[in-house]
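Novice: The chain contents come next:
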Amino acid sequence: MISSSFRAGVKAAVPIWIAYIPTSFTLGIAAKAYGLHMGEIVLMSALVFASPAQFAALEPLASGKPALQILLITFLINLRFVVMSATIAPYFGRVRRAALVLSSHLISISTFIIPYVHFQKQPREQVGADAIEEWGKSNFHYFLGLAATSISVWVAGTGFGYWAALHVPPGFEEGLKFMLPGYFACLLAVDLKGKGALLIGVASFLAAVPGALLNTNWGWLVTALAIGTAGWGIEKWIRRGPR
Amino acid sequence: MGLVSYLMRALPQLFLAGRSFPDAFERYLRYLSYALIASIISTSLFLAGPRFEAAAAPHRALALIGALLVASWTGKPLFGMLAGALLAQTLPWLAG
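Just so you know, the sequences run in chain order V and B. Mind the numbering: the first sequence is residues 1 to 243 in the working numbering, read in order. Mind the numbering: the second sequence is residues 1001 to 1096 in the working numbering, read in order.
Just so you know, the hints here were simulated from the structure itself, not pulled from any lab data. One or more hints might be untrue.
Computed list of lysine-lysine pairs in PhoX-like fashion (alpha-carbon distance at most 20 Å, straight line) [as the list claims (entries may be wrong)]:
#1 LYS1076(B) to LYS137(V)
#2 LYS1076(B) to LYS193(V)
#3 LYS236(V) to LYS1076(B)
Pulled from the structure, derived: some chain V residues nowhere near chain B, Cβ distances all over 10 Å [claimed, not checked]:
#4 GLY39
#5 ALA62
#6 PRO66
#7 VAL101
#8 HIS141
#9 ALA156
#10 PHE205
#11 THR229
Heads up, the beta-carbon is just placed ideally off N, CA and C, and yes, glycines get one too.
Please work from the sequences and hints to get the whole structure.
Specialist: Set out below in structure tokens:
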């Protein structure tokens, strides 16, 4: 029987599907342009499920760069998954480790943000010690419903894009490029609460591009980690002040 | 590539699931993720690889502002995204 949490996750995934279609389409086109076979890019989408790393790996793969270099690029770009996975893990309560480890492959930027925002909105008083197992299971089912359908759309979209997106009329690139980051920004705009969090978000947004221009691989990530840490430290210091 | 991506997702789940963190640490992780998401939005919108897309940046910034206004006004992120995508598509055309 499909749980109501799973169904809620599937419903919440609809905007991700809409946003994934153009991105996966574009990935399919890029893969074809770089000379990959359809099976290769579809398998990559299923096994990697991370668009920035996949886009970044296309050129080294096509030009026959060493495997170590491709692995290093994947590691650097996917470093954010460590933080995302660690951040979302406590919300799954006491769900069995094997299930968590298997399902962790489904964590991506989108499948992290929406469940995370959803879990954040849960009232704290409902998360008592007695109900922690049920709470974790419900969150896990929500995540599965959202993420399993999203990866399916991602993989199918990549394959479909490989052969079909070449026939999309040119001139729609701007709208397509905007969809995924635009959706993330709107999610944050609706759900981000508190001056501290807002300031951290705005500062990170403004500093990311200069950071990335200083260092393509590490710049934006280091900047984000520094601003998040500094914001947290300042807030902690201010809270401690009146004592 | 798949294995590296998988391990980076799986190891925190393996070692951190079910643990309750102190409030301050939870807040720290939350702030880190806000910073991370905001950075991803910014770099996705304004960079093409290592290059700043200066010509497209004003239109995309305006589209983003429009999207945020619609999302805040309606309370629906999807409406905001669609409005922003429409603006991102039409602004360069309107500007000639």
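Novice: Now tell me if each hint is right for this structure.
Specialist: Checked hints:
A C-alpha spacing of about 27 Å is found between LYS1076(B) and LYS137(V), which places the hinted pair above 20 Å, so the restraint is violated. Note on LYS1076(B) and LYS193(V): the hinted pairing holds, with a Cα-Cα distance of about 16 Å set against a maximum of 20 Å. As the CA atoms of LYS236(V) and LYS1076(B) are separated by approximately 32 Å, the hinted pair breaks the 20 Å bound. Non-interface status of GLY39(V) relative to chain B is upheld: no Cβ of that chain comes within 10 Å, the nearest being about 14 Å off.
No beta-carbon of chain B is positioned within 10 Å of the beta-carbon of ALA62(V); the least distance is around 14 Å. Residue placement check: PRO66(V) keeps its beta carbon more than 10 Å from all beta carbons of chain B (closest about 13 Å). Non-interface status of VAL101(V) relative to chain B is broken: a Cβ of that chain comes within 10 Å, the nearest being about 5 Å off. Residue-level check passed: HIS141(V) sits 15 Å from the nearest beta carbon of chain B, beyond 10 Å.
Residue placement check: ALA156(V) keeps its beta carbon more than 10 Å from all beta carbons of chain B (closest about 18 Å). With 10 Å as the threshold on Cβ separation, the claim that PHE205(V) sits away from chain B is violated: the shortest Cβ distance comes to roughly 4 Å. A beta-carbon of chain B is positioned within 10 Å of the beta-carbon of THR229(V); the least distance is around 7 Å.
The structure fails hints 1, 3, 7, 10 and 11 (numbered hints given earlier, in ascending order).
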